[in-house]
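Peer 1: Chains as they are written, first to last, in full-length UniProt numbering: chain A, 1 to 691; chain B, 1 to 691.
The list cannot tell twin chains apart, which means a pair is met if one copy fits it or any two copies do.
Restricting the straight-line Cα-Cα distance to at most 25 Å, the calculated cross-link-like pairs of lysine-lysine (DSS-like) are:
hint, residue 1, residue 2
1, 462, 473
2, 63, 252
3, 345, 462
4, 184, 288
5, 298, 345
6, 527, 487
7, 527, 475
8, 476, 298
9, 462, 341
10, 527, 635
11, 536, 345
12, 341, 536
13, 341, 298
14, 222, 341
15, 527, 473
Treat the hints as calculated values from the structure; they're not laboratory data.
Protein chains: 2
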Amino acid sequence: MKSLNVISNHFTVSAPIVQENLLEKYRSMSNLDVKFLNKLYYGNHELEMKQLEKVLIENPLFKTETQEELSRQDEREVGIKKMRVIFDEGRRIVEPSTLYNDPQRFLIFGLPTLIYNQAIATKFSVSFILYFKTIDNLGTEIHQKYKDRLIEQQSDVGCFALTELGHGSNVRSIMTTAHYDPKKEEFIINTPTDLAMKFWIGGASQTATIAVVFAQLYIDGKSEGPHVFLVPLRDKRTFEVLPGLIIGDCGKKNGQDGIDNGFIIFNNYRIPRENLLNRFSNVTKEGKFETTIPNIDKRFAVQLGSLSQGRLMIIGSSPRLLGYATKIALRFAAMRRQFGKPDEKEEVPLIEYPLHQYRLFPLVASVIACKITGTKVYEMWQDCLPELFDPESTKVPEIHAITSSLKAIHSWIAMRGIQECREACGGLGYSYYSKLGILRNNFDINQTWEGDNNVLLQQTAKYLIDIMQALVKGKKVQTQTCHWIKKTPVEGQQNETTTEEEFLRGENLYAVFQHRTNLLLQKSGMKLAMAMAQDKTANPIDLWNNTQVFHLNALSKSFGELFIVQQFHTFIKKLENDELKTNKDTKEALSKLFQLFCLSKIEADLGTFRDGDYLTSEHGDFVRNSILRLCGELKRHIIPLVETFYPIDELMDSMIAPGSGDLYGSIVNKVYGAPKVFQRIQNWEDIYLKK
Amino acid sequence: MKSLNVISNHFTVSAPIVQENLLEKYRSMSNLDVKFLNKLYYGNHELEMKQLEKVLIENPLFKTETQEELSRQDEREVGIKKMRVIFDEGRRIVEPSTLYNDPQRFLIFGLPTLIYNQAIATKFSVSFILYFKTIDNLGTEIHQKYKDRLIEQQSDVGCFALTELGHGSNVRSIMTTAHYDPKKEEFIINTPTDLAMKFWIGGASQTATIAVVFAQLYIDGKSEGPHVFLVPLRDKRTFEVLPGLIIGDCGKKNGQDGIDNGFIIFNNYRIPRENLLNRFSNVTKEGKFETTIPNIDKRFAVQLGSLSQGRLMIIGSSPRLLGYATKIALRFAAMRRQFGKPDEKEEVPLIEYPLHQYRLFPLVASVIACKITGTKVYEMWQDCLPELFDPESTKVPEIHAITSSLKAIHSWIAMRGIQECREACGGLGYSYYSKLGILRNNFDINQTWEGDNNVLLQQTAKYLIDIMQALVKGKKVQTQTCHWIKKTPVEGQQNETTTEEEFLRGENLYAVFQHRTNLLLQKSGMKLAMAMAQDKTANPIDLWNNTQVFHLNALSKSFGELFIVQQFHTFIKKLENDELKTNKDTKEALSKLFQLFCLSKIEADLGTFRDGDYLTSEHGDFVRNSILRLCGELKRHIIPLVETFYPIDELMDSMIAPGSGDLYGSIVNKVYGAPKVFQRIQNWEDIYLKK
Ligand SMILES: Cc1cc2nc3c(=O)[nH]c(=O)nc-3n(C[C@H](O)[C@H](O)[C@H](O)COP(=O)(O)OP(=O)(O)OC[C@H]3O[C@@H](n4cnc5c(N)ncnc54)[C@H](O)[C@@H]3O)c2cc1C
Ligand SMILES: Cc1cc2nc3c(=O)[nH]c(=O)nc-3n(C[C@H](O)[C@H](O)[C@H](O)COP(=O)(O)OP(=O)(O)OC[C@H]3O[C@@H](n4cnc5c(N)ncnc54)[C@H](O)[C@@H]3O)c2cc1C
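So here's chain A without its partners, still in its complex pose (with noise of 0.2 Å):
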């Protein structure tokens, strides 16, 4: 332990005893196929991602978060810097617009980052996907040179300002306005109150020159609805705000404090016609409004576009990101020895502890499950985006629903586990050095911007019930996610399986989701029929909102997860088929966690599957034996299993979750190196002897 060598500059310790190496000893315990699982987790991108990894590791400008500990000043300025060479050397290894057209690619290229932190990674989705693909989406040839000014001469940086202090969810109400003046050619913006200022804008308050904005358009007094405009916010030469608009900072953040969130007003400030991003409305030079989608709404629908991709990211970096929390709770689960038998020298590592199986191997499940899933829907994306402007695609309809609901399943799964990750490694995971705090308070927020995930779920919601309204109609439906739906009653069916091996088969638990999620649509629909029935005059939008507890927010959320077990099962099939070929260890662990996650789900809403009786009591004993015997026998299998999740040894940052096994070695290295670890108290005279 070099932990020695700085204690007996002080004195002599006596040496600590010898420790078996139980990192080395857990990780021996299965033959897992690597190769096959990395690929599962980068797809096609690990090599080019690797060669950016190298840039962080070896680039002395990258201190590890946990090593910093940054004013929120210094963490803005370092923050840039950083991003400034991740950009200069990424786009050596890869053209820059691939990239972001890509999401899988983003996302896997982006890993390294993410993984080092949250923060930075929000710059680049920021200016890459929010402003750039604002650009792309909605602009036309003249705004593409936007984009290049960043791309190649790094003078502009963008940002997206949509949300109002008055309007985050319901953004369709923004109050910021554009009023049409043809005499100078120009848009004149304005904040006419203090709800209507941009807030939040993520880069606006000290870093960006230039804001897609969106503000309700005014010809003539007419209001056109929301519109994006391009506006200049600094001066490059001196990046001083442009006169006309007052930037400030929205201040200090539980979390990703490096990205500067600002607001902005704006005051009778003008910019050129040409500004408007004008692809599917433009405004010609006299001021006449012209669009190629009547429909204000659908109009609005579309100029969303890229907070979807957004969607995407979160979908895609929330089971990394809990990935890299259970390897760090795992690895500790595993060296971290507490109480032991009596006629054992030894104590127990937790990992051996029943109880501590239970809270930590289902989140493994949820990392496989959820990065499946993802890499299913980024393929749905690909296969959407030639008819992503068509107002009369279905595909876009349902790749939306679907990614909210995901986005919103993903990003709550993460966040609990996070959480959950931390507590499971005691007063050491409260220690800032663990990243396990740094990690929750950074993706809190994920479950907030991009869609709220409560609102979301109404989304997917509305969908849904407009689908089985339109095969109840006899209708045709094109889908890809709904083949589930039942147009005659499920209530009061009931699960035919009679012992613990038929529950467990793929086939039945993949219907057991099916059966939650019709009972809750049809449960649904029938509440709001019926409540329509009952009060012809009520507002419908009350309905709807009293239909949401137990009812369409549940149907959402069981829709999300039963997509995860739909894809998961495929997945486990194509293992079983052999269409998907790996080795004998890999098979099982991956079947077992699929099991596994299916089960706790299972159990986490056992009230909801026993409704109507379709699972009986002992359908619920075999729910819990099974996840019993199920951690059990993964434990073989659960270390070299987030052995290979992300980040390698020289990017993990957890003085918790060392690869060499040396968990003591480790901690006493990192507190021992900490800034002013030995030091009386700052003024203590002042504190102490003036008393």
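Use these hints to put chain B with the ligands onto chain A, whose structure you have.
Peer 2: Positioned in the frame of chain A, the structure of chain B with the ligands alone reads:
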């Protein structure tokens, strides 16, 4: 709105639409009996608490947490200064020893500090409860002076050194040694290995001059188990660490950075014989060991007595901190509008959404439930005090069992509740200035310290199994908390209520929780017995560990919830039969909150309640329908109710919950007033122009 003044210094923004004061509107919807609710909240200690509160409001040293953005080192310095002020002013109001001998009084008197800054409250808990009480509990007359030195001369600051790097939950196995040297009549304290270093010791790294240190006592090489010693740490004139010690800082944490947790390494560190706290064990000059508690484990249990009182503080403070969070989230919910209805000018306040009610109202019910329960437990504790060190007492193991369970449940409820509050406030809940992140990050550790929740539950389970075994053997059992235990099997019993009304009766709800607890107790007992019968050679500790998940762990939680339900139920009965007198609205609100509390707990674990078909699908519908109805009915009471939660407006430190009702004015003022709000990024020339 004041904000407009600030803005108008730059230029004019047209005045905001004058909005209805929604907070006032919701406040006036119910006529709650504030005096009655205050009594419930503060017991008899409101007036003295108010005096201390005044100090925090009036003394300019006390800037709010969200105003100060301090470095770790500054936070500590400022923290200890504030602690001194509170201490000085506080002792003028109440004599310190009356305080720390009465947990309820300590809690209420400490409320302003707790709400103001959790780390400062921790400092008080460490020195008053952990340090002082250890001396009181285990010391004899000669040791009292160490307390007086703090109280009278304010020269000593004490800390509590139990945990080591290698041992936190299993402190019975700590490795620090204390060998007696009869020649010099001294103990020699040593840290034999890295794992034995004292770790996490609150106050040790920078502020404490003395510690109570737990070490294995050796006489002539023979171990007598852990004992407690008074150990000087620093020279009080220079504040330097004394020779023979290494003391350092554990570093940055996920929260509570105001408290300086440190590690301590002892190298043949000598202390006088008298420094052994020798109430129960003594070492004579000659080196003879004497004890009044021959059993080494019982002796150790007694030595941990002050931790129990620490647990009481968590039981009492959890609902208060959650109360603070719900006050923030619900005020916000009343003032924040989002989404409208066609034909209505104004958007709908969040509090009107059933989904939002469902997310937050059960948390308010928990606050009340846990508060009532806490008060009861404090009474039991006071009642038990005279027997605290009587190894034959039946009350001591009982209070230990119930506080262990409640410490876990209360802290979990609060932690998860605070997080839900943050999420319910959307992006603004992610602002540091909402205070919700601060509350969560500091609170988190309550789940771990004073005994990790999952470990504590095992101690409760042990008590319950012992009681059941005694009962089965026909022994007479003295208990205040276990009257519900049935000797006859409950599996297969059914709840006989057939209407929602019947189901909701207090007696029935109470019976439902009794049933679950009996079921889990019987199942756990059975599982243990069967496992033992199956394999007579098995290690009982393995059997125990294998019976945690879904059994003993669930049992202990169920027992704690049952106790809460019982206390709340008793309280409601007193309201109903006018033993407690209050007005109609208050009665209605509290009765409905009682039902909501029970129902939301049933809903969360419906799977278990449905086991053996004790509850039917129809009961499940009762539960869900009633939750929704109750939320709707509670809407008019909820704001007036949270308004009675601590703190008062002068100490409210959340920009999203101003008492004035002017949500946006408050936000704008706060954000404008934060440090460096209008600023280019530091060293922007380096970052941007060099390109
Ligand atoms: C760190 C950070 C960075 C951000 N970056 C950007 C950025 O770069 N650009 C940008 O434009 N925006 C940005 N945002 C804003 C973000 O997109 C919004 O915070 C998010 O859309 C949620 O809106 P809100 O905060 O106004 O929440 P609200 O809409 O006020 O919602 C608050 C709560 O009410 C609930 N709720 C709302 N409506 C309903 C309903 N109808 N029924 C039931 N419940 C409801 C929600 O579930 C939520 O819990 C950022 C925010 C943060 C915190
Ligand atoms: C900020 C802070 C301040 C503190 N202040 C003090 C102080 O002033 N003085 C002091 O003496 N100590 C202090 N502590 C230490 C604290 O009391 C311990 O952290 C706590 O007792 C838990 O022990 P541990 O951290 O070693 O967790 P561990 O014992 O390592 O537990 C880790 C995890 O393993 C699980 N686990 C452990 N055993 C079992 C089992 N048998 N079965 C199933 N699961 C198990 C636990 O549930 C937990 O999730 C402090 C800690 C912190 C973080």
